[in-house]
Amino acid sequence: MATIPFPDTKVSRAWSRRRWLALAFLAASLALAAACAAAASPRGWAPPVVSQDQLFVSLEAGRLSAYAREGDGWRFLWRFPPQGNNNVRPQAFYGAPIVTDNAIYAGGYDGTVYAVDRAQGTLLWRFDTGGPIIAPLAFDPASGTVYAASDDGRVYALDAGNGSLRPGWPFRTGEGIWARPLLDGHTLYVASLDGRLYALDATSGSRLWDVEVGAGLISDPVLAGGTIVVGAADRRLYAVDVAQRALKWPAPPRAENWFWAEPLVVGDTVYAPNLDGTVYAVALNDGSVRWTFVAENPVRARPLLAGDVLVVVDREGVVYGLDAATGNEVWDSRPALLDRALADPIPFGDRVLLTTQNGGLFLLDPGSGQVQRITLPRP
Amino acid sequence: MSGSVQETVARAQGALGRRLPAILLGLVVVAIFATVQAGRDPWHTLFVDPLINFLVLFNNVLLGQFGLAIILFTVFMRLLTLPLTVRQFQSTKAMSAIQPKVQEIQKKYKDPKRRQEELMKLYREAGVNPLGCLMPMLIQFPVWIALYRALIVLVGGVPEAVVDLSQHLYPWPYLYSAIPLEQHFLWLNLGRPDTTFVLPILVGVTTYLQQKVSTTSSVATSPEQQQMNQTLNLMMPLMFTWFTLAVPSGLGLYWLVSNIISVGISYFVYGRRGIDWRRVLLPFPEPATTARGAGKPTSAKRGEHERRRRGKR
Chain A
6 MATIPFPDTK VSRAWSRRRW LALAFLAASL ALAAACAAAA SPRGWAPPVV SQDQLFVSLE
66 AGRLSAYARE GDGWRFLWRF PPQGNNNVRP QAFYGAPIVT DNAIYAGGYD GTVYAVDRAQ
126 GTLLWRFDTG GPIIAPLAFD PASGTVYAAS DDGRVYALDA GNGSLRPGWP FRTGEGIWAR
186 PLLDGHTLYV ASLDGRLYAL DATSGSRLWD VEVGAGLISD PVLAGGTIVV GAADRRLYAV
246 DVAQRALKWP APPRAENWFW AEPLVVGDTV YAPNLDGTVY AVALNDGSVR WTFVAENPVR
306 ARPLLAGDVL VVVDREGVVY GLDAATGNEV WDSRPALLDR ALADPIPFGD RVLLTTQNGG
366 LFLLDPGSGQ VQRITLPRP
Chain B
-14 MSGSVQETVA RAQGALGRRL PAILLGLVVV AIFATVQAGR DPWHTLFVDP LINFLVLFNN
46 VLLGQFGLAI ILFTVFMRLL TLPLTVRQFQ STKAMSAIQP KVQEIQKKYK DPKRRQEELM
106 KLYREAGVNP LGCLMPMLIQ FPVWIALYRA LIVLVGGVPE AVVDLSQHLY PWPYLYSAIP
166 LEQHFLWLNL GRPDTTFVLP ILVGVTTYLQ QKVSTTSSVA TSPEQQQMNQ TLNLMMPLMF
226 TWFTLAVPSG LGLYWLVSNI ISVGISYFVY GRRGIDWRRV LLPFPEPATT ARGAGKPTSA
286 KRGEHERRRR GKR
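Protein sequences appear in the order of chains A and B. Sequential numbering from 6 applies to the first sequence in the working numbering. Sequential numbering from -14 applies to the second sequence in the working numbering.
Keep in mind that the hints were calculated from the coordinates and are not lab data. Even glycine gets a Cβ: it sits at the ideal position worked out from N, Cα and C. Don't take every hint at face value.
As the list claims (entries may be wrong) - Computed beta-carbon distance windows for the label pairs:
id: 1; chain 1: A; residue 1: 344; chain 2: B; residue 2: 67; range: 38 to 46 Å
id: 2; chain 1: A; residue 1: 261; chain 2: B; residue 2: 127; range: 22 to 30 Å
id: 3; chain 1: A; residue 1: 297; chain 2: B; residue 2: 64; range: 39 to 47 Å
id: 4; chain 1: B; residue 1: 46; chain 2: A; residue 2: 297; range: 50 to 58 Å
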């Protein structure tokens, strides 16, 4: 005789437990994966660019947006890559885009140099390098050449019109390159993580000379009065005399961490922020430290001189106004930005534009330290 | 005379071994207190930063091969926590050995209070602490979590992670001059997920083996526990395969090496005969009894038989 099986309460209880267990694991896995993925995903720290009343800014990871000035506000123009385009994935932009009359050039963390139509935001051409692009691009308007340094250790010279590689390029260094190539006339200076500063012929890509610094060069180099100033991974700030092709300072200043921010040179003073949270004012001629200012947090962004005030932004978004001559604090914006800030501040009329890691855009009055959030129209 | 000295030494070693987790826990509590008093973040100061700097040190010693550094570091960390892991496995093994008696008591005594008393008596007589397998595991948890955090900071590879990393390095030129670390190892970019699926599959397979070895070596007390083991055996490999697809390969490499070491430790603790390899390699457990094979011994029975045989020996 056939019997109808009754539900076994023990089995159903066990099944219920299994389901709860499975759900708990699923939730835990989602949380861990999200945490790990968040920790590993690039966000970028490209500063905005303002050109002819147009604003080009990357407020979302791997996206570049353009806005036009309208009265006191902004009008959305385009976004690159456009929504739904899965073939173009720059991941993140670390360097400010190069803006010309017709095109925008930007290096993506996916290792690709993108040329975008300035009016429409459409892709004009792309060029793939062999590694992520962290260094900002350099541009020579005279020859129409875009220089891109990649983490694959190579410097590429591209025709700005069609993205083709110039003859004689790329130039290969011993390690990755995270610093912007520095163009001065017909010479391109490249600071590499292999610890050398290279001087290249900007046309042919051939090496003119190089200087062994000793430790990986990490900051964007800056040229002033025949001296190139650059920060290295051994926590020192180095100066290279271009004419002598040799290190200039007998005792390069050493900090507690890396000089990753591009130094700012004004007159005979180098303002160099450090990831130890200190801003060093150093004499350009001999490297002696004139004054220091200690911020609350590490500083990765380049400082900006607005009038007599040196504007410094630390990693946690605290903005300081310093007396450029003495390093004394004039004001601070605490707690204005309430977000991480790694991008360089840029001048905007008599104000300063600041961006934060979570897509905040701020306008700073360097006279008073007042900060105002800018709300851009959504695409 | 020498026998009594040996006995004394053995007793002292046994006492130290029993108290080792408590001693370690006490030291950690004191260190945390001291760090807080010094105004520093104890989590990073005591756990994450030392691990990060050790990893960078290994990287330098191995000539900048960060993949090898992760492997060596994993082996080093597992060796460091080996006494705790072995204790945990031994406690699990001892608990498994008395499971038939536990089941007997659970069947025999319906009154929960009496049942509990009898169980405690059994544990006392067998010299087993039911929480013995938990304590070493609890102590290892902070190490594992700190290790994950250290690896995520180190192999993140993205510039933001390098900025964070700069805050964790000790002020020794030998360490901080080594940054950024070489991210390529074999076919892997240690800072990015492995898109070839090789590493995720290897991690999944080794997690499965590790789970099966640890669950087949113990006797499940009830059908619920058996089902829970079954769920774990399937869920854990799937979960870790999925993780490995999403996280930097450096972390996947750590899991792979760690799993292999865990299987090795299980083999060392349970012995060749203690692990039922047929059950390990079968994706699903064989049914307890079948119409045809009713007389055949089940795996659990075989395990019991094996234990008795070894007991006689």
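So, going through the hints one by one against the coordinates:
At about 44 Å, the beta-carbon gap between residue 344 (chain A) and residue 67 (chain B) stays in the expected band of 38 to 46 Å. Taken as a hint, the range 22 to 30 Å holds for the pair residue 261 (chain A) and residue 127 (chain B), whose Cβ atoms sit roughly 28 Å apart. About 45 Å separates the C-beta atoms of residue 297 (chain A) and residue 64 (chain B), a value consistent with the hinted range of 39 to 47 Å. Separation of residue 46 (chain B) from residue 297 (chain A) is about 35 Å and departs from the stated range, judged on CB atoms against 50 to 58 Å.
Violated hint for the displayed structure: number 4, the only one.
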